[in-house]
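J.: Single-letter residue listing:
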Amino acid sequence: MRRILLVTFAAVAALTMGLKAQDVSFDSLYKDLPQPVAAAPAAAPVAAAPQGQAAPAAEREWLVLVFINGVNDLGILGFANKSINDMEKIGSTDRVAVVVEYGIMGQDGSDARNLQFQRGSKTIYVTRDNDTGRITSLPFYASNDGDMGSAANLVRFVKRAARRYPARHTAVVIWNHGAGRLGIAYDDVTKNHMEIDQLGRALGQVRQFLGRKLDIFATDACLMQMAGVAYEFKDSAEVVVGSEEVIPGDSYPYDAFLGPLAANPGMNAEQLGALMVDAYAAYYSGDNITLSALRTSALPGFVGRLNNWVEAVRADPKAFKAAASRAAAVATQNFSMKDSKDLYDYLGNVNDMLAKSPGVKAAGADLRDYIEGALIIKDSASPSLPNAHGLAIYIPALRYNSANYEKLLFSRDSLWDDFLREAMQARLDPNL
Amino acid sequence: MNALSARKPVFAALAALFLLCGGTAFAQKAADRLLAYEAAISSGNPAAAVAFLKDREAFNLAAADDVKGPALLGKAEALKDLRDLLAMPWDKEKANKLNGALSIRIDADKPLAKVGVGPEPEKLLLWLEKYQPSYPRTKKAVVRTAIRQWEIVFGTMTDLREMSWDQAKTWQGRGVTVTKGSWGSMVLSERNAVIAQLMKQDQAFIIYNDQVLAAKKDSVALQASVDKVKSRLTPEQLAQLSGKPLADQAYLLGNFFDGGAAKGDSDLARIHAARDSLPKEVLPAQQRDLLGGMMGPAVSKELAGTKAGQKVLAFYAKEGPLRIEVRPLDGKYSAYDPATRTIVLNSETIQQYMRVKGYTADSVMRSPAQVAEIAKYMSPVVVYSSAHHMQDSWARKQGVYKPHVQEDEIEAMSLEGLYTSEKLRKDKVFRNIMASSRGFSSYATKRVDIATEFSASGSKRFAVTVRQRYFSGLPSLDAAASQVLGAVSDELARRSALSVQQRAQNDTVNLTLQEAMEMTPEELAGSAGEIRTDALAKIERDLSALGVYKSRYAAAERNSRKALKTIKTSASAKTAAPPAL
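Chains as they are written, first to last, in our numbering: chain Y, 313 to 744; chain L, 75 to 655.
FYI, nobody ran anything at the bench for these hints, they're computed from the structure.
Covered stretches of chain Y, as calculated for chain L (at least 3 residues, CB under 8 Å):
1. 466–473
2. 499–508
3. 715–726
Backbone N, C-alpha and C fix where the C-beta goes; we use that ideal spot for every residue, glycine too.
The shape of chain L in the complex, shown without the other chains (with noise of 0.2 Å):
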C-alpha cells in the first residue's frame, strides 16, 4: 500500500480539489487552485504539496513570483519529501536508519518546521496522524524510536534524567539534567548528542546507534577468535599477549600467524583482517603512488568487456585518463576527488586484503600477478566512484548548482550493482575472490550485497534500499532542494526590504558564486545570509527546476536497467540473479 492510497483525506474540501483532480475542480483557474494548494501546503497536507508539483499551470503561476514561488516550491518538496521516506517499508530494524533520516529534515529551520512538521520532533506524530492516519501501528512505533520520544528513551516512569558530559561530572555537582519538557524541545541531532554521552555511562543505550552496536559485535567476535587461536600458541607466546588490550593481541597474532595467510580458517581470517597492519604490510606513499599507477591499467582491464565497465571506459577515452591515487580515506572504501579529478582508493581496504591473503607491501611492488589480483577485488568501486566523477563532469557541464544527493548514489550504486553481478557470472577468479573475501571483509560483502540487490529488485525497490540501508543520511533530492530553496528564498525576501545600495554594499563582503556552489545544501541552507544576490538567485534558479536533474537521474537508471535486461538473457547467463557465494 503507498502512502497516496493509504492516506484517508481529512478535509473534504481538500479531498475534493486535491483527489478529484480532473474533476470540476481542477477546471478552477489556476490562481484559484494556488490559493489552496498555498493553505493547504501551508498546514502540511502531503497531497497538496504533489498535486501543486504535478500542476503545471498553477506551478507557473506561482514561479512567476520571485519570492513566494521558490519558498511555496521548497515546502512542497519538502513534503513530498517526507511522504515519500514514510511512505518507505520501515521496521524496528531500521528504526536508527529512519532517525538519521529525519535528522537532515526535521531542525530548526527547515522547511518542514514551516508547515508544522517540526522542529520539535513530536509535531511529526501529529501530522501522522493528521495525513497517513491508515499507517500500521508498527510503523507508528518505529516513528517513535526513530525520533527518540522521551517514553521510549528514558521510559516512563521518570520525567528527569541526571547526567555527565565527559568532563562535567554529575559526582561534582557540574553535570546537566535533562528534563522531559526541555526534551520535547530538542531537535533530534540534540536528542542524539545526549543518547551519545549516555552510551558511554550506560550500554543499554547503544541500541540507539548501529555503528557503535556492530562494532559491539565484531568486538565479541574478534576476542572469541584470539581466544581460540590462544591454544596453538608456545608458552612465550602467550607470554608476549598477557595483559594486552584486545588489539595489541590481535597484532601479535597477526605477527605470530603471519605470510602464510588465513588459508581457511575463519578465526585467523577475522583476526587478520580486524588488526592494524605489519610494518611490513603498510603501503607507504611512495609504494601507494607506485600502486595508484598501475592500477589505473590493471582495473581498465577489469572493466573491459562489461556493460558498466564499458560505459566508464568509454567516458575517460572521452574525458582523460582513468587516474587512481592510493591513500587513507577515513574509513570509506574510495571517493571522487573533483579537486583532482582523481578516483581514490583506501589503503586501508587494500592492506586488509592483503593481510589475510598474506602479502606484503614489497611483494606487491614485485609481484604483477598480486597487483592484478588487487585491481580485480577493487574494480567495484572504481565504477562507483567513476559514476561520481561522471555526475560532477555533467554538473560542470551544465553550468549548475549540483548537491550531493541521494540519487546521485542510487545511480552510482545501480552502475557498480550492474559490473559487479556481470563479473560474478562471467569471471571465475572475481567470484572466488568476492567468496572468499565476504566472511572477513564488510568491502566484499557490500559489493555482494549490492549487485545481489541490484539484480534481483526492480529499480523502485533498489532505490528505496539504497536510500534506506546505505544512505539514510544524505538528503534526497527533493529534500536538498526544499531546504536551499526555503532557506534562498527567506533570505531573498529579507533582501528584498533593503535599498539597491545596502544589497550591493552588502555583497561585496558576500560569498561568491564559486563559493556558494561548492557548499553542501545543509551549508548552503545554513549560509544564505552571506551569499552574494546573483548567486543566490542563480542557485534559486537551478533548484527551481529538478527535472534537469531528475531526466539525467532516469536516463542513467534506464540505460543499467537496460544493460541489465541484456546480462539476464544473455546466452552466458543461466541464471537471473548473480550466483550464491
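Same shape as in the complex, but just chain Y (with noise of 0.2 Å):
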C-alpha cells in the first residue's frame, strides 16, 4: 500500500500542529508497503519549453485530465512515470483528448539513486507510443511555478486544457497522496496541500469556467470516497470516482479504462465511471482495494435520509446509545485512516444491536438502500474488505476534529457533525 499520507504529515505535520490534528496513525501505514511491481524507472522528464500553442481543436467527445503531483516519494519511486506511460499506451485519439500536468521528482537511475528535482511543472498532451519507460508526449506549456499542492494551479490546468482541447464530457483526475478529508495532493517542496473546502472551491470555478459541471472527478489517491469529501463536489461534477481504502503504488490502470474509452468515445459520465472501477478492480484482484463511483445528483437525498437517520436516534435514547457506542463502531469496517468508517456496514451494525427501534431501523435501512441503490454506481471491493460498500464516513473514537470538519459544507448542511459531538459527548461517559 503506497498512496497514503506522507511521513511529512505525520511527523512534521504532527508536531507544528500540536494537539489539533487528530492523531492518525499514519506510521502504521507504512508496515506493508510492497515495492512496486513494475515500476518504471524515473526517468529524467522530458525538456520543456514551452511549444507553440495549438489553437482550439474541434470539439472532442472526451477530455481526460489528469493532474499528477509525483513531487514526493511517489515520484521517487516511479509510480508517476509508470502512470504516464500507461496513459502513453494509449494516447490521445480526435475523439479523446488526455491531458496531463505533471511535477515529478526522483533519482537518476544511477546505482546510487541520486536525488532530482525537476522544477515546474509541465503540461502535455498525451500522444500513443511503445516506449514504456519513458515520457515521450511532448509538453505544450512548462510552468517555473509548478505547485502540485496549489488547488489555483490545478484551475489553471484545467482552463489551459478546456481551451485547446474543447470536449463535451470532461473527466479531472487527481494523483497523488490522499487523507481523506483532510486533504490530497500532498507537493513536498513547496509544502502545499489542498485542503477540501478549497478544492471544493476550485472546482467550483472550473465549473463557472466550463458553464456545466465535470463529468467526472476522480482521485487517484488513498481514502479519499468519503462522505464529506464527495459532498463538497456535488455542484461540480456529476460523478465523483475514489477509494475508501489505499490505493496501492501502480495507482489506476489508466491504459485499461482509456483504451475502451478511446474505443467507445460516445460513453456517458457514468458508464466511464463504472468502467474505471471495473478495470481498478480487475487489475488489483489480489489487492486489499475499493473504489466506487457515486452520482452526485443522488447527494441531497443521501443527505436528506441521513438527517432522518440521525433525528430518529435522537428520538430514541436506546438507539442512541448504541449508535454512540465503541462498540458499533469497532465492529465496522474501518480503513487505513482508523476514523474513516464504512456508513452502509455502520448503519448494519447499528440495526442489529436494536432489539426494537422500528422508527431508527427504518430509517437505517433506507439509507442502506438508497446508498446502494441510487448513489453509488458501481462499487468494488476485495474479497478481503467485505463490508466495504463504496461509501465512508467520518466515526472519530474519542475528539471531534472541528478545525477540520466544521469547514465542509457537509457539516453545514447535514446532521451528521451534530451526531457526531452528541456521540462524542456520549463517548466521555467512561460508562458508556
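From these two lone chains plus the hints, build me the complex, please.
T.: So this is what it looks like as C-alpha cells:
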C-alpha cells in the first residue's frame, strides 16, 4: 500500500499543529508497503520549453485531465512515470484528448539513486507510444511555478487544457497522496496541499469556467471516497470516483479504461465511472482495494435520509446509546485511516444492535437502500474487505476535529456533525 | 551601519559613476549613464541599481524601451530589495526567517539569478563578498545557515548522505542519495525539502524549522502540565488516561476540569488552550452564523472612540456594512475574503478562548456579555483584516494589479498596533482580557507584542520587525514587482518574435486579464507564458509605476504615526508605551 499520507504529515504536521490534528496513525500505514511490481525507472522528464500553442481544436467527445503530483516519494519510486506511460499506451485520439499536468521528483537511475528535482510543472498532450520506460509526449506548456499542491494551479491546468481541447465531456483526476477529509495533493517542495474546502471552491471555479459540471471528478489517491469529501463536489461534478481504502502504488490502470474509452467515446459519465471501477478491480484482483463511483445528483437525497436517521436516533435513547457506542464503531469496517469507516456497514451494525427501535431501523434500512440503489453507481472491494460498500464517513474514536470537519459543506448541510458531537459527548462517559 | 555606508566600492569606475552622484560623472548624458547602469546591474551591483531607480532621466529613457526597460527595472528592484533585506539586523536566532526570505527571492528564473545571485544559493556568498565586504562575520555566518550550506547542515566530514524519503526507504534499497555536488545545484526550497525529510529521521534537524521547534517546546510544556495535574485525579480518572496519547489525555483532563475555567491555574490554562474542544465547546455552523451576525455590532462598539477604530468605522460607513463571519481558518486568526468582502474570524481561536474561560457554545449564544467579551478579544484582528479590505478596495478603484506584499502587512499591523495600544491604555477590561490570556494564547501574545512594538519603535524599525519576524516568507513590493516584471518582460520579448497572427491565435487560449489579476506574484511570474499579451502589458505598466503603490503605503504610515503621537500626548496617556502586562 503506498498511496498514503506522508510521514511529512505524520511527523512534521503533527508537531507543527500540536494537538489540533487528530492523531491518525500514519506510521502504521507503512508497514506493509510492497515494492512496485513493474515500476518504470524514474527517467528525467522531457526537457520542456513552452511549445507553440495550439489553437482550439474541434470539439471532442471527451477531455481526460490528469493532475499528477509526483513531488514526493511516489515520484521517487517511479509511480508517476508509470502512470503517464500507461496513458501513452493508448494516447489521445480525434475523439478523446488526454492531457496531463505533472510535477515529479525522482532519482537519476544510477546505482546511487541520486536525488533529482524536476522544478516546475509540465503540461503534455498525451500521445501514443510503445516506450513504457520514458515519457515521450511533448509538453505544450511548462510553468516555472509548478506548485502541485495548489488548487489554483489545478484550475489553471483545467482552463489551459479545456481551451485548447474543447470536449463535450470532461473528466479530472488528481493523482497523489490522499488523506480523506484532511486533504490531497501534498507537494514536498512547496509544502502545500489542497484542503477539501479549497478543492471544492477550485472545482466550483472549474464549473463556472466550463459552464457545466465536470462529468467525472476522480481521486487517484488514498482514502478519499468519504461522504464529507464527495459532498464538497456535489455542484461541480456529476460523478465522483474514489477509494475508501488506500490505493496501491501502481495507481489507476489508465490504459485499462482509456483504451475502451477511445474505442467507445460515446459513453457517458456514469458509464465511464463504472468502467474505471471495473478496470481497477480487475487490475488489483489480489489486493486489499476498494473503488467506487457515486452519483452526485443523489447526494441531496442521501443527506436527507441521513438526517432522517440522525433524527430517529436522537429520538430513541436506546438507539442513540447503540449508535454512539464504541462497540458499534469498532465492529464497523474501517480503513487505513482509522476514523474513516464504511457507512453502510455502520448502519447495519447499529440496526443489528437494536432489539426494537423500529423508527431507527427503518431509517437505517432506507439509507442503506438509497446508498446501494441510488447513490453508488458502481463499487468494488476485494474479498478481504467484504464490508466495504463504497462510501466511508468520519467516525472519530474520542475527539471531534472541529478545525477540519466544520469547514466542510457536509457539516453545514447535514446533521452528521451534530450526531458526532453528541456521540463524542456520550463517549466521555466512561461507562458507555 | 546601513548597507550603503557599509559598502566599499570595488570598481573605481562604478564608484565614480554611482557614488559621486551630483558630480561630474552624473553630468554625463542619460544614455551613457543608462549604458553604465545596465552593465553594472547585470553584474549584480546594488548601488548601481539604487542609483538607477533614483535617476529619473535614465529611468525614463529605459522605460521608453518596452522590452528592455521593464527587464532592467525588474533586475534593479530585485537588487535593491536584496540589499535592503540583508541590511536588516540578522542574528542566528533569525536564520530560519532569513531562509524563508531568501527562498522566495533566490530561485531559478528569478531576476536575481539573471544578475548572478542564484539560482545556486552559494552565489549569494560571492555577491556578499563582492558588494558587502564589510558585513560582520556573524551576519555572514547567519547567511550561510540561512542558505543551508552543506558544511553547516552535514558537517565537513562527509560529501554524501543516504536517506529515506517517506516510503522510499534506504533499507529497502529504494531510498535516495544526496551528494555535496548535487546539494550545490539545489535551490533553497529543494534543500528545505530534503531537510524536512531528514527531520523525520533525526531530531537534530528540527533546528531548521521554527514551527517544529516551537511545537516541540509547546508539547514538552503541555506534557509537564498534564503530569502535574494528574496528581489531582481519582484512580478512576487516572485509569481513563492510562495508555492514551498526550492529545487524548489533555482532552480528557479538559473534561474532568471542565466548566470552572482555569481560574488562575497556569497548568489547567495551558491544557485547556492546547486541547481539542469538547463537543459542547464547538461552535457549529448555525451558531457560527449567529455569532458572526452578533460580532459586527459588538466589534463596532469596541472600535468606537479609538483612532484606528474610527478609521475602520469611517471606511465601513462609506463602503458598506462591516460583515463578519466565523469559521475555521486553517491556523490563521482572521482573514479578509475579497470574494464576499467579509472579515472572517477563526472559530478555533474563539473556541480556545471559550475553553479557557469555561464557556460553551450554548452559553455564548445566551449571553450578550460573553459575546461582547469575545468581540473585545477578537477586535484587534478585525482592525487588522479591515486594513486588507481597505487595500483591496483601493486596488479595485485604481484598477491596478495588487500583489499581496509585506507592505500590506506593515500597514495592517500598524493599524492593529495603533488600535491595540490605545485599547490597552484606555480600556481596563480589554487590558485584563489580554493580560489573562497571554500566558496560554499565542493569539493574545501576538496582539500585545504588535502593540508594544508599534508603540515603542519608529516606523522603520517596526517595518523591519514585520518583515523579519512575521512575514519573512512574503515578498516585499520591490521583490514582487521585480519577479513579475522579469518574467513578463522575458515573455513579451519572446512574443515579439512571433507574428501578429500567431500572437492573436495564442491569445485565444491564454488566461484573461481578470484571471491574471487574481494571481499571486509567484503564480504570475511562473505563468507569464499563458497570459494574454494585453494582460501582460497592463500588469507590466502597473508594476513599472511603483510610486502609485508606495505613496499609498506612505500615506497610511503617516496617518498611523500621527495618530499614535496624538494618543501618546493625550491627557489620558501617562506613558509612551502601553502598560506592561
